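Trainee: Here is how the chains run, residue by residue.
Number of protein chains: 2
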Amino acid sequence: MRKPKGVFLPPLRAARPKRGDVYGALRDAVLQGVLSHGDRLPSTRKAAEDYGVSRGLMEEVFGQLADEGFFERSVGRGTFVAARVAPLEHSSRRERRRSANASRRGQVVAANAACREPENPRAFNAGTADIREFPWRLWWRLQNRAARELGHAAFGFADPRGLSNLREAIARYLAQFRGIRCTAKQVIIFNSAQQALMALAVLLLNRGDEVWIEDPCYLGARAAFRLADAIPVPVPVDKEGIHVMAGLSRAARARLAYVTPSHQYPTGVAVSLERRFELLEWVKRSNSWVIEDDYDGEFRYAGQPLSPLYALDTQARVFYLGTLSKSMFISLRLAYLLIPEEFVEPITNIRTQMDGFTPPLPQMTMALFMDEGHFSSHLRKMSAVYGAKRKTLVDGLAPMAELGWTWSSNPAGVHLLVMHSKGDYVRAVRKASKLDLALLSRYRVARARSDGLFLRFGALDVESLQAGAAELVKLCGNLDRKCSGEVVR
Amino acid sequence: MRKPKGVFLPPLRAARPKRGDVYGALRDAVLQGVLSHGDRLPSTRKAAEDYGVSRGLMEEVFGQLADEGFFERSVGRGTFVAARVAPLEHSSRRERRRSANASRRGQVVAANAACREPENPRAFNAGTADIREFPWRLWWRLQNRAARELGHAAFGFADPRGLSNLREAIARYLAQFRGIRCTAKQVIIFNSAQQALMALAVLLLNRGDEVWIEDPCYLGARAAFRLADAIPVPVPVDKEGIHVMAGLSRAARARLAYVTPSHQYPTGVAVSLERRFELLEWVKRSNSWVIEDDYDGEFRYAGQPLSPLYALDTQARVFYLGTLSKSMFISLRLAYLLIPEEFVEPITNIRTQMDGFTPPLPQMTMALFMDEGHFSSHLRKMSAVYGAKRKTLVDGLAPMAELGWTWSSNPAGVHLLVMHSKGDYVRAVRKASKLDLALLSRYRVARARSDGLFLRFGALDVESLQAGAAELVKLCGNLDRKCSGEVVR
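Sequences listed follow chains A and B, in order.
Note that the working numbering has the first sequence beginning at 1, numbered continuously upward.
Note that the working numbering has the second sequence beginning at 1001, numbered continuously upward.
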């Protein structure tokens, strides 16, 4: 062994160094080869003096570096840089960029930002709940009570199927307000409808299985099926909802259909009873499944909410999916799935492999909110609020009807699709506008001449709604004249 | 059209029927064919009398059934069961069972219950945090403050990368306590390490790519990689941790290695510095990746926590994964991932497709808990608590050393693996015991003569620990004599 040489200690950047600073400087000096194999360190007394730190701290740092294998300490001889450390070369940023790529799959999935909500709600990207109307004082009070009732259970592991109080409250709600007969055992709690969709896709589908999705479709569902490696097959939506016969001719052997029957996303159409039965008949004959996503079935401003497919199904082949993000508030992170009892344990196992379980506190708070009748009052209130907003919007847009624009007459939901037969004109409107406008074609797979503006208004106040509608009307008028002019010339 | 006949109304079960009861009875009568195509309903006045409900309610119900297509109403003629309803036959339970199967993939994934935690912590299944020691009054106080500071943002959409306050607090914590240099921009918040693992697998791996996992291994990681359709390749763990050379000979072209270097799960071994460099060298040469899961790196009862692989890496190819479930409490549902900046947006997009975003309130509360120094005090306190528990357990088990049992000397973590060279004996102990004992072989892929008992003690109080250890010692003694006797005979 060559004669060990004494070394200078690496400089510290901090004026009053802490343990981490000293440790980091010494370790990095070894990693970068500034201190190398066999170098002898000064004594901890000397090093402590040099660095202006306590001897105890210096002892700790040398001890840790020895524990980790950077240093070797030998009684009587001193502390040395250990033999086995070979300094690594830092890669340049360019080298890293060249090699540091996500997988092909990762790149494809990562390119899809469709599930990210806009960070600042404004006209017309605001499809989330209007939280200004939420009774948040009541909610905090109930949350404190939930915390007391849960006690230590608020901090511990919770049933991955969901808290029984909430499952029972949801089963009662579904029976009372949606005409669905089920037991609490069939209700599974998820963080979001998106998470439930992924778990269902894993449960029901093999890789490469076909799934009917509506065209146009909720992009989150398409993403979840793709993530689970299934093949979404777009089935056209007309005035009666999903065109079952078209689905049969495109993919009769699909294993699953994903539908939004109360208020189709994004067109707003309600699926007719005839189509509902066609769908159930197909499901029965082909032993396939239906996911009924009733994402805003609570909000219907004329008549009562429509009867869910689930309630019409006699074969136990419909999975009913509901969310509390729309009816309560989006950061609640609670959704529920109604599932035949034989699938409860299987899907719970799948869910735990994706993301453990849902925390108990929001579940308990929500259960209290429902049990005490606040949920039904809140739904009534919000139905009135959103119904009025929808009316304000539709009234504001009225002049556009004369320019050939149309919209769904299904009086429901927190978004409105405004259609025009000339797609170029619609796209010109969007391009010229400073509003945040989404095009129907974004949600559509099949090409079509027509296009539409997808107006999400749930979280907007009346003033922004009116101003947004007025702006849109003005712009459409201007562009319409311009377009007509061009056509004439 | 045949002459419509008047019908009797279906009976109601409820003594004081509500809207839902009346609606449900009528709808079901149509669905079951009790009322059939062309049947004429009585007037709403008559029906209201028969059912003892208000006329307004009856109007609503008839209106809804007409809206939904069950009834047709014609002014002057009355209300009829609509033409298009063909009653569905109910399937029998047996028929359903025959056809209602999950997919092959679904069955395989659903059969894995390894990610479900035991519902009642007892000796020795209790690897979660000891929530009795958690300062929950302080936590509620901070949560109320977090709610005030967030205001309406507590209810709205939150950044899917995580709340910036928490990301900053975690970056500071990692710098100060784990010697990791990073910016808050590199920190991404997930609900759980499991969720982060799945997102990483999707980002980094193509279907069928190989991943090194430790053998024995944390089962949740294996499940996440399988769920993402990658192929886990078990690499043996010895006294220095993962055997990198064995990994090279088994799957040199693996894209990723998943390791738990501070305190291997479940063996408790710490990866030696030499092996750490071997691993980084392989990663550099093969352009592969490492996930460093530092799941309980905070709890080390002698010396300081070991320097993470992340801090040794010069190639930006190590992803550092930490969780707050172990150090805080399991229902907090917060974990964090440290990732090169170029991957922040891609993995965030992937995460939103799996499950939207993490709610803001627990994030803000956690950020306050960290910023005010409570986190470091809590870690210090819990290190003392768990260290004492570990000592109690090891002391209690001491007599087993004479029977040939051994355990890791790495003084860390909230579980202890107790090994014996005779696997049959270990399994006999487990079988005979009323304690909740997990076998090492459950976590192991390769066969081995030896086996071990995996004792998870974090959430146990001292009395249960002592009682459990005493019971185990007694049982091992009894069975050892019996086994020796059998061997002699």
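To be clear, the hints were calculated from the coordinates, so they are not data collected in a lab.
You may find that some hints are simply not true.
[Unchecked claim] As a list, the in silico DSS-like pairs of lysine-lysine whose alpha-carbon atoms are at most 25 Å apart:
id, chain 1, residue 1, chain 2, residue 2
1, A, K381, B, K1018
2, A, K474, A, K434
3, B, K1391, B, K1474
4, B, K1381, A, K18
This structure is a prediction, so every number in the text was calculated from the model and none was measured.
Trainee: Does each hint hold? Answer for all of them.
Mentor: Here's how the hints hold up against the structure:
1. A:K381 x B:K1018: Roughly 21 Å separates the two Cα atoms, so the pair holds.
2. A:K474 x A:K434: Holds, at roughly 12 Å.
3. B:K1391 x B:K1474: holds (19 Å)
4. B:K1381 x A:K18: Between B:K1381 and A:K18 the Cα gap is close to 21 Å, so the pair holds against 25 Å.
When the structure is compared with the earlier hints, no violation turns up for any of them.
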